[in-house]
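The whole structure should be built from the sequences, with the hints applied where relevant.
Listed below, chain by chain, are the residues.
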Amino acid sequence: MIAKALKGDSRYWIWLAFLLVVMTLGGLSYAQQYVYGLGYTGMSRDVSWGIYIAQFTFLVGVAAGGVMLALPFYLHDFKAFGRITVLGEFMAIAAVCMCLMFILADLGQPRRVFNVLLHPTPHSMLFWDMIVLNGYLFLNILCGWVILNAEAKEVPPPKWIKPFVYLSIPWAISIHTVTAFLYAGLPGRHFWLTAIMAPRFLASAFAAGPALLLICAMAMKKYANFDPGKKAVDKMCTIICYAAITNLFFIGLEFFTAYYSNIPAHMHTLDYLFFGLEGHNNLVPFMRLSMVLGIISTIAIMFPAVRKNDRALVITCAAIFISLWIDKGVGLVLGGFVPNPLEYITEYVPTFGEVMITAGVWASGFFILTLLYKVALTVDRQIHG
Amino acid sequence: MDIKRRKFLKLAGLSAVAGIGAPSAFNMLLRGEARASEKGHGEGETTQATEQRLGLVINVRKFAANHGLAGKCINACHTIHNVPNYGNKKDEIKWIWVETFEHAFPEHSQYKRNEGLDQLPIMTLCNHCDNPPCVRACPTQATFKNKKNGVVMMDYHRCIGCRFCMVACPSRARSFNWRSPREKDSEGRYRFIEHLNPDYPTRMRGVVEKCTLCIERIERGQIPACVEATGNTGAMVFGDLHDPNSEISKVLNENFTIQRKPAAGTHPSLFYII
Amino acid sequence: MYDKGKIIPGLIVFVLIAVSPIIYNRGNAGQVPNPEKSKVARECVRPAQEMRERHMQLLIGWRYNVVRENGAREGVTAGGTKYARSLQLGCLKCHTSKEKFCDKCHAYAAVEPYCWDCHFASKEKM
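Chains as they are written, first to last, in the numbering used here: chain A, 3 to 387; chain B, 2 to 275; chain C, 175 to 300.
Keep in mind that the hints are not guaranteed to be accurate.
Pulled a few chain B residues facing chain C out of the computed Cβ check, cut under 8 angstroms [unchecked claim]: (1) N147; (2) K149; (3) D156; (4) H158; (5) P199; (6) D200; (7) T203; (8) R204; (9) E220; (10) R221.
It is worth saying that the hints were derived from the structure and are not from the lab.
Using N, Cα and C, we set each Cβ at its ideal position, and we do this for glycine too.
Written out as structure tokens, the structure is:
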């Protein structure tokens with residue numbers, strides 16, 4: 003079936019070539035970082051996690067978002083998702099691969115990464131994160147591939163795949179919960195020490211994942227002659243809408259707890275992110291943009307006129323995706339470091355090399371996604387003509 | 002027996018994986034069990050009481066009275082341990098340093114604070130907590146609690162540089178090697194290490210480091226370098242908190258002391274007399 | 175066999191490439207390394223052959239024991255003298271030159287242990 007990815011028109015190859023160029027540039031930057039050390043990035047003693055971990059956190063959400071297609075189809079027999087469930091699984095594969103690459107890029111001693119396996123540490127959330135992420139990757143590869151293979155041969159999938167499919171649904175919830183636990187269990191970081199960390203993560207994941215998937219589906223409708231179907235698109239918009247509303251609601255809850263209780267430790271980070279703190283405000287424009295984009299696009303996606311118009315839909319989904327990317331990636335992760343537990347403010351700006359490596363990893367993810375989607379689409383065209 | 006080629010390849014592949022995987026998995030399980038039985042369950046590793054509990058009482062007033070004493074302590078520690086000085090705040094590595102009251106005890110009320118407090122040099126280092134969040138966070142046990150004396154240790158050989166411990170520490174005691182501390186200048190001298198101590202290693206780029214309460218000196222019957230640097234001013238008292246007859250227990254009994262971030266429940270072993 | 179004309183020459187080419195280093199050196203394995211013996215002491219903490227085979231296991235065992243298990247930092251004897259169970263403070267007290275001792279075999283075997291990233295090799299090359 004992999005051979006199906008090797009046949010494509012010129013636009014397909016140009017897209018892959020472009021991705022390869024970005025991947026190469028990212029790889030070269032990484033080689034520099036590997037030799038010099040992580041000082042190559044903009045991270046410092048106070049902001050010890052930067053955009054690598056921020057992207058990782060966001061992408062775990064995107065990977066978990068795939069479950070929003072699997073759940074209605076496998077548990078509730080929502081047949082309209084039949085043709086695109088495999089797209090959700092493949093997007094999860096690409097997203098988890100990106101997560102693993104970002105973690106590797108972020109390690110100070112990448113050659114020692116197997117220490118996490120050699121010395122299992124059940125009390126560490128990073129250990130469980132490694133387990134659930136790799137497990138989810140395995141589950142999605144297994145389920146996606148076996149079911150697609152069966153579809154290609156026009157036979158029903160083998161019975162033994164059913165338990166794996168059912169397992170992947172709560173597993174998707176678990177990957178993002180464990181990632182939230184990385185943050186939510188640290189006694190020194192008040193911004194993250196909140197019980198709704200995991201629900202917030204999940205809400206934004208269930209909006210961001212399907213939003214990205216919808217953008218990809220629309221792209222494939224335009225360039226690859228693949229129509230997911232009106233019912234599927236409409237249902238996805240509903241899911242995105244509810245998830246985005248829930249996420250905005252949760253953000254509102256955070257604001258309430260911080261500003262109504264007036265406890266400085268809870269307010270300071272939100273002050274820094276949205277209003278500026280003691281003159282430091284380099285993230286304020288991003289956070290405000292995220293809120294504006296998020297609110298406008300969440301309202302927009304409720305309108306049938308937007309849902310029916312392909313271009314408007316893509317722009318709205320892109321706005322939701324970018325808004326959530328800023329909120330979770332930039333705001334949530336970087337915000338936890340400002341002010342630091344000793345009440346110092348150190349701002350963080352990524353370096354050019356760091357951005358190149360990030361772009362390289364994103365390009366790798368899209369590369370994997372493109373190849374996988376090509377296979378899925380070819381099979382789909384084979385059956386449905 | 003007629004077997005299709007595909008079925009044979011699948012069988013061969015599975016047997017190879019099983020043949021390689023099973024004995025090594027079995028081995029790992031056996032080793033893992035042996036270690037697990039030492040540790041107890043996950044939480045036991047971090048909160049079990051140790052026979053000795055080494056701690057420090059830092060008398061901030063005596064540091065204020067002895068001008069330059071704080072610098073002597075910092076110098077002693079950073080020189081003995083080859084702590085590099087990169088000259089910029091971004092790459093900064095520090096095991097012990099001076100904080101102001103406002104930043105060392107941010108949970109304390111700063112309203113109508115005595116202005117003299119701002120001049121007090123608060124010696125800040127790893128608190129060697131009894132319930133350390135950094136040990137809980139580390140995915141490889143590169144940082145772990147010493148079972149004999151409660152010191153929070155660093156195993157630089159195992160650290161993968163994920164910096165989760167730095168994120169977890171409420172006292173910001175940890176530093177990371179953002180670049181190699183071993184860079185040499187054109188004359189072959191180490192650029193970032195002014196006075197080299199050849200009897201103690203450096204670290205490499207990509208690992209986290211912090212104060213280890215001079216465990217290498219303690220195990221040879223000495224006291225930590227910073228404590229030694231205070232001479233007989235009594236500015237730092239070092240000893241076993243579990244021993245009711247030790248000097249440190251007496252000092253704690255006779256003085257009002259405060260600790261950093263008590264609300265976090267980490268049970269530090271450092272006490273401050275302000 | 176299908177495609178015999180392509181497979182058999184291909185296999186021959188592969189085998190030739192695989193054994194090319196041996197052909198290039200005409201079967202000569204190079205000079206056996208001769209690390210300089212210590213001038214400080216006559217006896218090592220373990221017999222020479224055991225050291226040749228297992229010195230890394232010994233060092234890692236010491237490392238694990240001293241760093242992680244509160245193991246004794248001193249205590250290994252050789253020829254009546256006590257040494258520290260340490261690379262820097264033990265082994266290198268007798269084998270004072272990394273270049274003349276350690277590197278000789280490591281270079282031959284193309285081994286680059288990362289010990290030297292942190293531990294100091296010899297007093298000469300500070």
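### Task
Provide an ascending list of the numbers of those earlier hints which the structure does not satisfy.
none
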